[in-house]
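*Asks:* Order-wise, the sequence lines are chains A and B. The first sequence stops at residue 199 when you use my numbering, and every number in between is there. The second sequence stops at residue 199 when you use my numbering, and every number in between is there.
Hints are computed from structural coordinates only; laboratory data are not their basis. The reader is advised that the hints may include incorrect statements.
Quick list of in silico lysine to any residue cross-link-like pairs, SDA-like style, CA-CA up to 20 Å [unchecked claim]: (1) B/48 <-> B/64; (2) A/58 <-> A/124; (3) A/48 <-> A/113; (4) A/58 <-> A/98; (5) B/38 <-> B/62; (6) A/48 <-> B/114; (7) B/48 <-> A/21; (8) B/58 <-> B/117; (9) A/48 <-> B/27; (10) B/58 <-> B/80; (11) B/48 <-> A/58; (12) B/58 <-> B/18; (13) B/48 <-> B/37; (14) A/48 <-> B/48; (15) B/38 <-> B/26; (16) B/38 <-> B/19; (17) B/58 <-> B/138; (18) B/48 <-> A/23.
Treat the numbers as computed from the prediction; the structure is a model and nothing was measured.
Number of protein chains: 2
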Amino acid sequence: MADEPATEILDGAYRALCRHGYANLTLQDIAAEADTSKASIYYHFDSKHRVFAALLDKFFDRFTDRINSVEGDTPREQLDTLLQELLATDTDPAQREFRLVLLELKAQAPYNSVLQEHLTEFDEFLSEQLQEILAAGINSGEFEETIDPVSVAELLTTTICGAQTCHVVTNHSTDRIYTTMSRYIERQLLDNDHTQIAL
Amino acid sequence: MADEPATEILDGAYRALCRHGYANLTLQDIAAEADTSKASIYYHFDSKHRVFAALLDKFFDRFTDRINSVEGDTPREQLDTLLQELLATDTDPAQREFRLVLLELKAQAPYNSVLQEHLTEFDEFLSEQLQEILAAGINSGEFEETIDPVSVAELLTTTICGAQTCHVVTNHSTDRIYTTMSRYIERQLLDNDHTQIAL
Numbered sequence: 001m002a003d004e005p006a007t008e009i010l011d012g013a014y015r016a017l018c019r020h021g022y023a024n025l026t027l028q029d030i031a032a033e034a035d036t037s038k039a040s041i042y043y044h045f046d047s048k049h050r051v052f053a054a055l056l057d058k059f060f061d062r063f064t065d066r067i068n069s070v071e072g073d074t075p076r077e078q079l080d081t082l083l084q085e086l087l088a089t090d091t092d093p094a095q096r097e098f099r100l101v102l103l104e105l106k107a108q109a110p111y112n113s114v115l116q117e118h119l120t121e122f123d124e125f126l127s128e129q130l131q132e133i134l135a136a137g138i139n140s141g142e143f144e145e146t147i148d149p150v151s152v153a154e155l156l157t158t159t160i161c162g163a164q165t166c167h168v169v170t171n172h173s174t175d176r177i178y179t180t181m182s183r184y185i186e187r188q189l190l191d192n193d194h195t196q197i198a199l
Numbered sequence: 001m002a003d004e005p006a007t008e009i010l011d012g013a014y015r016a017l018c019r020h021g022y023a024n025l026t027l028q029d030i031a032a033e034a035d036t037s038k039a040s041i042y043y044h045f046d047s048k049h050r051v052f053a054a055l056l057d058k059f060f061d062r063f064t065d066r067i068n069s070v071e072g073d074t075p076r077e078q079l080d081t082l083l084q085e086l087l088a089t090d091t092d093p094a095q096r097e098f099r100l101v102l103l104e105l106k107a108q109a110p111y112n113s114v115l116q117e118h119l120t121e122f123d124e125f126l127s128e129q130l131q132e133i134l135a136a137g138i139n140s141g142e143f144e145e146t147i148d149p150v151s152v153a154e155l156l157t158t159t160i161c162g163a164q165t166c167h168v169v170t171n172h173s174t175d176r177i178y179t180t181m182s183r184y185i186e187r188q189l190l191d192n193d194h195t196q197i198a199l
């Protein structure tokens, strides 16, 4: 038995999700993967839905840590590192498996308001981070004054969502998307007069 | 009994998919919705997988008809009509239901190569159509010579995929995405010298 039975249950739930898919998943599957009993799961989480809500909370914490740790000396560099990070065609099977699980949960979201609320948080958080970077870049003069951080952040978030979805569904690389988005940023967002002066 | 039992079965399969979701769907559910027997489904389609492959073929035909019927006197107008069509936040419940079904099938695609092949066709077809419009616009001088139709078409396809996915998952409107993409096209793709001369 682990020191943290709740953590063991969540790890087991994730493994069970990868193995069986969301729709077919039973509490027994989770118990088997977590090497515990259904009673113990009920004791810690009340229901299967609460297990998934807690699992999504854990994913969300990991996601915000990842986004917050993006480095760069200027807003432009931060934006570039963030896009590289999110659009990397990850050859890491664990990362692909994670995206797969997330897509499956997304497909269930319209039927499940708890999942929907949790999943919406990911996009909202990303969009807010992008808005902050864009606003900082406008302030510093690196990005054009005329751009609207809200709508550009929404467009970038949407394209990232599309790239990650397509990558999982069709197994296509997202590398070219990163290149095309970088060109978009260069031509559309950067204040090229400022850049020329800065250079 | 309808004149076309196979069509009746496909219509029933679609209704069953909307009602039960993909993962839990049994041949019996399809038979019940199509008002037929499991034996009749086997006679026409061999297996549940073949029913879904035929259903996706039907969706694909409808999708290509829709894309091919996009109107516009110039490539720019055609591109705009196409984006409007695909990014419209459809209040039509039937259209939303269709996107929901498609997302659920997408989530299953990584586990099912037949679904994956069929779903990849949608994005490939859209990307090819966009490439043709972009190439025609470059030829006519309406779009900038320097743009690469392949990567721009891929970016647009990805963003449309993202917008449609997000719309279903979070119920967010895609109207603003259309506006931001139109601005992108105006600033990034149009040959503004040519436009000025043309005006």
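*Asks:* Can you give the numbers of the hints that this structure goes against, from lowest to highest?
*Replies:* Of the numbered hints given earlier, those the structure breaks are 1, 5, 6, 9, 10, 11, 14, 17, listed in rising order.
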